Amino acid sequence: GAVVSQHPSWVICKSGTSVKIECRSLDFQATTMFWYRQFPKQSLMLMATSNEGSKATYEQGVEKDKFLINHASLTLSTLTVTSAHPEDSSFYICSARIPGTYGYTFGSGTRLTVV
Amino acid sequence: QKEVEQNSGPLSVPEGAIASLNCTYSDRGSQSFFWYRQYSGKSPELIMSIYSNGDKEDGRFTAQLNKASQYVSLLIRDSQPSDSATYLCAVNDAGNQFYFGTGTSLTVIP
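Protein sequence lines correspond, in order, to chains A and B.
Under the numbering used here, the first residue of the first sequence carries the number 1, and numbering increases by one thereafter.
Under the numbering used here, the first residue of the second sequence carries the number 1, and numbering increases by one thereafter.
Next up, chain A with everything else stripped away, as it sits in the complex:
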């Protein structure tokens, strides 16, 4: 149980284009979704927290106009990287709390490469 499905698993895009990453909670309702970014050989860095039906909360240093987050339903949260540049190339992972516990489950991640 408590599965988060993330798509796509990898994407290559041209500099200046936008990319949308989707995370769906398959067997539970995720009122909150966390979005992380991970550069090679570095730890997970929390980018933002999305709450169903309200604006996302962004961590310091994360551009909210560049990383658009939408959490329109209890089972779907999306992250759109707008006007992507090579420095945005990274591993993006979503996460939600496992219902009834204090633990978190993760999507499978999206490897974004901007060329």
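These are calculated hints, taken from the structure and not from any lab test.
Heads up, some of the hints might be wrong.
[Claimed, not checked] Straight-line distance between alpha carbons at most 25 Å, and here's what the computed BS3-like set of lysine-lysine pairs gives:
no.: 1; chain 1: B; residue 1: Lys42; chain 2: A; residue 2: Lys14
no.: 2; chain 1: B; residue 1: Lys42; chain 2: A; residue 2: Lys41
no.: 3; chain 1: A; residue 1: Lys20; chain 2: B; residue 2: Lys42
no.: 4; chain 1: B; residue 1: Lys67; chain 2: B; residue 2: Lys56
[To be verified] Beyond 10 Å from chain A on every Cβ pair, some chain B residues (computed):
no.: 5; residue: Ser20
no.: 6; residue: Asn22
no.: 7; residue: Asn53
no.: 8; residue: Asp55
no.: 9; residue: Phe61
no.: 10; residue: Ser73
no.: 11; residue: Gln80
no.: 12; residue: Thr107
no.: 13; residue: Ile109
no.: 14; residue: Pro110
[Claimed, not checked] Derived CB-CB ranges, DEER-like:
no.: 15; chain 1: B; residue 1: Gly29; chain 2: A; residue 2: Ser9; range: 36 to 44 Å
no.: 16; chain 1: A; residue 1: Asn70; chain 2: B; residue 2: Ser12; range: 40 to 48 Å
no.: 17; chain 1: A; residue 1: Ser5; chain 2: B; residue 2: Gly95; range: 27 to 35 Å
no.: 18; chain 1: A; residue 1: Thr113; chain 2: B; residue 2: Glu57; range: 40 to 48 Å
no.: 19; chain 1: B; residue 1: Asn22; chain 2: A; residue 2: Pro8; range: 31 to 39 Å
no.: 20; chain 1: A; residue 1: Ser9; chain 2: B; residue 2: Pro110; range: 27 to 35 Å
None of the values given here were measured: they were computed from a predicted structure.
We put the CB at the ideal spot given by N, CA and C, even for glycine.
Could you slot chain B onto chain A? The hints should help.
Just chain B now, with coordinates in the frame of chain A:
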């Protein structure tokens, strides 16, 4: 001071040995503690959670928590090459904020 600190390693152990991974945390009011395993290029997967002082065993894995020392560890017995990964310690602090450590890279040598 970081919320959660881990030795980044790399830690190398021979196959069959015990691997010991350590983590300290700064918020004394933290209540929930987790160990995640992350293979290269993959997302983290939860392998252990612990909420009270003492040991918690699950197969070859044992989590140890000492709230007085603000210390949590993970022991992996009979280490296998497939255990080679980065192990992330995570903590829910008193404010219900979730923090990851930077991870410890483990290599099990056949």
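We went through each hint and held it up to the structure:
The straight-line distance between the Cα atoms of Lys42(B) and Lys14(A) is roughly 24 Å, inside the 25 Å bound, and the hint therefore holds. Taken as a hint, the Lys42(B) and Lys41(A) pair is honoured in the structure, with Cα atoms around 12 Å apart against an allowance of 25 Å. Distance restraint check for Lys20(A) and Lys42(B): the Cα-Cα separation of roughly 19 Å lies within the 25 Å cut-off, and the hinted pair is therefore satisfied. Under the criterion of a C-alpha separation no larger than 25 Å, the hint pairing Lys67(B) with Lys56(B) is consistent with the structure, at around 14 Å.
Every beta carbon of chain A lies more than 10 Å from that of Ser20(B), the smallest distance being close to 20 Å; the non-interface claim holds. Every C-beta of chain A lies more than 10 Å from that of Asn22(B), the closest at about 16 Å, which supports listing it as non-interface. The Cβ of Asn53(B) sits about 16 Å from the closest Cβ of chain A, beyond the 10 Å cut-off, so the non-interface label holds. Distance check for Asp55(B) against chain A: the nearest CB is about 19 Å away, which clears 10 Å, and the non-interface claim stands.
Against the 10 Å criterion, Phe61(B) stays outside the reach of chain A, whose nearest CB is about 15 Å from its own CB. Remark: the non-interface label on Ser73(B) is consistent with the geometry, its nearest Cβ contact in chain A lying 18 Å away (cut-off 10 Å). A cut-off of 10 Å between C-beta atoms confirms that Gln80(B) is not in contact with chain A; the least separation is 23 Å. No Cβ of chain A approaches the Cβ of Thr107(B) within 10 Å, the least distance being about 14 Å, so the stated non-interface status holds.
Look at Ile109(B): its CB is around 20 Å from the nearest CB on chain A, clear of 10 Å, so calling it non-interface holds up. Look at Pro110(B): its CB is around 23 Å from the nearest CB on chain A, clear of 10 Å, so calling it non-interface holds up. The hinted window of 36 to 44 Å between Gly29(B) and Ser9(A) holds, with their beta carbons roughly 38 Å apart. Taking the beta carbon of each, Asn70(A) and Ser12(B) are about 44 Å apart, inside 40 to 48 Å as hinted.
The hinted range of 27 to 35 Å is satisfied by Ser5(A) and Gly95(B), whose Cβ atoms lie roughly 30 Å apart. Checked against the given bound of 40 to 48 Å, the beta carbons of Thr113(A) and Glu57(B), roughly 41 Å apart, stay inside it. The given range of 31 to 39 Å is respected by Asn22(B) and Pro8(A), whose C-beta atoms sit roughly 36 Å from each other. For the pair Ser9(A) and Pro110(B), the beta carbons lie near 29 Å from each other, so the given range of 27 to 35 Å is met.
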